[in-house]
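Enquirer: Residues per chain are reported as follows:
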Amino acid sequence: MEYLVAAYSIIWLMIVGYLFVLGKRQKAIAKQLQFLQELDKK
Amino acid sequence: MKLINDDLTSIPKETTLHKVLIYLSIPMVLVALYLAFIYTPIEVKMGIVQKIFYFHVASAWVAFLAFFIVFVFSIMFLSKRKRIYDVIAGVSAEIGVVYTIIVLTTGPIWGRSAWNTWWSWEPRLTTTLILLFMYIAYIMIRNMDGAWEKKGRLASVFGIISFINVPIVFMSIRWWNSKLHPVVFGEGANETGGGLEPSMLFALIFTVITMTIVYVVFLQKGIYIERLKIQAERLKEKFQEKLAG
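In order, the protein sequences belong to chains A and B.
Going by our numbering, the first residue of the first sequence is number 1, and it counts up by one from there.
Going by our numbering, the first residue of the second sequence is number 1, and it counts up by one from there.
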């Protein structure tokens, strides 16, 4: 049973973790882009 | 309707399809978990640990699909030189690596229970590990310093060559007659498969479809982020030109 729990924990940690990384990347680049656009308008 | 939006000059918007796939993937994941844990019977020989099989195989399938996409879009990039093809290949490779790590961690957990060892240098495990290292190298090439065209060309060639390993991974247990790794499909007199109970087969197919949808969600998200990065790069270049001129 503990092997099954370990395996499924890794699967969902990897998937949710990757989604979290993508979310962080998107947030960072969106912020940077917004700053650059504002600078461009000026 | 164009399947791939190759316009990289404007700031992208998240599409309705993206949202639909996200909302579709959540209940599908829950149903897949229900099928794996409750709907399917407990396997007689291996017991409850066999339930790793559904998501393990589905992850392997998605990894192969992701690397196939890298292969196809690398060829397309080399022939058409459109940046979007290079972007798709790069994003798909990263997702493929994530799923290969899942395969290479859940496999040994199952192996510990079935073979009483965490790792064995048997054909499937060894070739999968080589596959992982090849695509990590591919990602490293993409993250090198330099012009994107040059990196794109080099990465595309590497992406095409690396894909040769995918059929080798799949066929390894058949070619080298692995004593440890089970052959589930393509065995027996009529080569249809090695005794998967119908409910188990249904659960496996459903999990494969679910994980494929999760892959598409990741792919769309990754492409969207890369498009934003390209826009930011363009603005930076514009400022540099202004400062220089």
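Mixed in with the good hints, there may be bad ones.
Partner residues aside, some chain B positions facing chain A, computed with beta carbon under 7 angstroms [stated by the list, open to error]:
#1 16
#2 20
#3 55
#4 57
#5 102
#6 181
#7 225
#8 234
#9 235
Quick list of in silico lysine to aspartate or glutamate cross-link-like pairs, DMTMM-like style, CA-CA up to 25 angstroms [stated by the list, open to error]:
#10 41/A - 233/B
#11 27/A - 145/B
#12 41/A - 14/B
#13 238/B - 38/A
#14 27/A - 197/B
#15 151/B - 237/B
#16 13/B - 40/A
#17 24/A - 14/B
#18 236/B - 2/A
#19 24/A - 38/A
#20 238/B - 145/B
#21 45/B - 40/A
#22 42/A - 241/B
#23 229/B - 14/B
#24 31/A - 237/B
#25 31/A - 145/B
#26 42/A - 237/B
It is worth saying that the hints were derived from the structure and are not from the lab.
By construction, the Cβ of each residue, glycine as well, lies at the ideal position given by its N, Cα and C atoms.
Enquirer: Against the 25 angstroms threshold, does the CA-CA distance of residue 27/A and residue 197/B hold or violate the hint?
Expert: Distance of about 45 angstroms is beyond 25 angstroms: violated.
Enquirer: Between the alpha carbons of residue 42/A and residue 237/B, is the straight-line distance 25 angstroms or under?
Expert: The hint holds at about 16 angstroms.
Enquirer: Check whether the Cα positions of residue 238/B and residue 145/B lie no farther apart than 25 angstroms.
Expert: holds, 20 angstroms
Enquirer: With 7 angstroms as the cut and Cβ atoms as the points, is residue 20/B at the interface with chain A?
Expert: Cβ of residue 20/B sits 17 angstroms from chain A, so the hint is violated.
Enquirer: Sort out whether residue 14/B lies within 25 angstroms of residue 41/A, counting only the CA atoms.
Expert: holds, 24 angstroms
Enquirer: Taken at face value, is the distance from the CA of residue 145/B to the CA of residue 27/A at most 25 angstroms?
Expert: holds, 23 angstroms
Enquirer: Against the 25 angstroms threshold, does the CA-CA distance of residue 42/A and residue 241/B hold or violate the hint?
Expert: holds, 16 angstroms
Enquirer: Just to be careful: measuring from the Cβ of residue 16/B to every Cβ in chain A, is the smallest value less than 7 angstroms?
Expert: With a closest approach of 18 angstroms, the residue 16/B hint is violated.
Enquirer: Tell me if residue 235/B is really an interface residue toward chain A, meaning its C-beta lies closer than 7 angstroms to one of theirs.
Expert: holds, 4 angstroms
Enquirer: Hint check: residue 238/B vs residue 38/A, CA-CA at most 25 angstroms. Holds or violated?
Expert: holds, 13 angstroms
Enquirer: With a cut-off of 25 angstroms on the C-alpha distance, tell me whether residue 24/A and residue 14/B pass.
Expert: Within the cut-off at roughly 16 angstroms; holds.
Enquirer: Between residue 151/B and residue 237/B, does the CA-CA distance stay at or below 25 angstroms?
Expert: holds, 18 angstroms
Of the hints listed earlier, those the structure fails to meet are numbers 1, 2, 4, 6, 8, 14, 18, 21, in rising order.
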